[in-house]
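Note that the protein sequences, when read in sequence, are chains A and B. Going letter by letter, the first sequence gives residues 5 to 276 in this note's numbering. Going letter by letter, the second sequence gives residues 168 to 374 in this note's numbering.
Worth flagging that the hints you see were computed from the coordinates, not collected in a lab. Treat each hint with caution, since some may be false.
[As the list claims (entries may be wrong)] DSS-like cross-link-like pairs, simulated, lysine-lysine; straight-line CA separation at most 27 angstroms: (1) B/337 <-> A/138; (2) A/138 <-> B/245; (3) A/10 <-> B/275; (4) B/275 <-> B/245; (5) B/337 <-> B/307; (6) B/245 <-> B/182; (7) A/12 <-> B/337; (8) B/336 <-> B/275; (9) A/138 <-> A/257; (10) B/307 <-> B/336.
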Amino acid sequence: MYVPGKLKEDRSITALLPALVTLAVFFVALAMGGRPLGWLVLGLAFAFFAVVAARSYGRTRNAAILVQTAYLGLAAAWLLVAPGSFLGIENPRLYRLLGACVLLSLVWLLYLFLGRRLKWRGREILELAALPVKPTPDAFTSRPRPAGRAEYTRGEILSFAELLRRNHLAWAYREADRVVLSPVKAGQEFPYLYGWSVPDYRDRTWVAFDFDGNVSAQVSREDYLDYREELSLDALCESLAAVFVGFLEQFRKGEARRIVERLDDVSRSPVS
Amino acid sequence: MDFERAAQLGACLSKDYAAEMLRLLVNYRSLSASEAASRLDLHVQTAQTFLDTLASLGLLDKEESLEKSRPYFRYSLKTTRITLDLDLASLAVDDAPSDLGKRIRERKNAGARFTEARGGNAISSVAVWTGEGRSREERKLTLTEAQGAFLYHLPFPGAEPLSVAVIMKKAGIEESRAPEILDIVARLQALGVVEASATRSGEAQSG
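Only chain A is shown next, with the shape it has when bound in the complex (with noise of 0.2 angstroms):
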């Protein structure tokens, strides 16, 4: 199914800056002291990255992220160890071994990737809420917007929001009498993973759920002014809020692998 955009082009290059900065460092060391000194410099910036995504899990519990951490780890200790740097081993044989097995973490990796299996959903949301709302002058309030009752108990709510945040589709808050679902971009999934606290949901875009049934929706100022054009605030928040309520019944029924069906038609690029 081919749905237009209505989200304007993302062109942020947020998610390339690690490995931009990583590249370039490693080139400034390989320039400076050589192949020992880059492969040392490397080979510590991927074992930084393998301990930040290990942290990373802990927060989202997504199991691609431990395929990814397994990368970079195996990596980290592929480029300390090679033969001729400073921490280099003379054993060939444990050194194409530690290849083999860096190469079949990064296929496995790759093949997640391109599945989609590591990207945040944010976008795609977006755009599956605005995808009834027509075009209409309109201006933004930062004000949530009640949308409703839906059906479900405590329990469910909190495993769905449990669901969303592991399959990366939205960042679940749980407070004293409700939880909170903000949809996050891809691109933007930096201070989630890796921040020392996780950012404040209020001036973002959010579905709540609270134990009696209510929902409610509020659009940020930043994600409101991201569509291509003006439109209706008030439906936008309600059809918001009507995809995370569709997206929670098909979970009731059971069929939560229906939920990431339904983005992967949106979009189907592994990175916006």
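Since the structure of chain A is provided, determine the placement of chain B on it from the hints.
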């Protein structure tokens, strides 16, 4: 007694020299502003203003005297008992059906900052910038529980306006809270956060 007169009387009685001034008035048959000022070590204008205010409230008699070179006024007590009787019901907001039928929504580009209440489903405060230039300042209105629920259900700027009664019903607010709802609506209208449109016939009743 209406509120303005009660406020004047209250302001007079709150002066730190009020008790001494009233003591003089009780003990003297009549008193001029100059005589009162010299006894209480006040400026004569201060004593004059105090006595004039009590006279305008009907508590003192004010008579012109010509016995000195220049005419002046003498004041005497009309009563030795002051009763402050204020009907607070007169301050109540008029919650006539026409006010509850007023169709409202948030004004476009009002620039108001709404803070969501803890636990959601209500607004806890609204902040608006008022004034121009150096006198520009942020005005923050803290809301009652009912007002917060009401504003949470207020239609968005581009949405169809709804009557106050309908919004109250959506927010689950009792009719007895109508005066405080109408009060915040009026204040937010004055601050340019809420706009009203013509009443749609029958909506107030349906709400």
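**Study point:** Structure versus earlier hints - violations, ascending order
**Key:** 2, 4, 7 and 9
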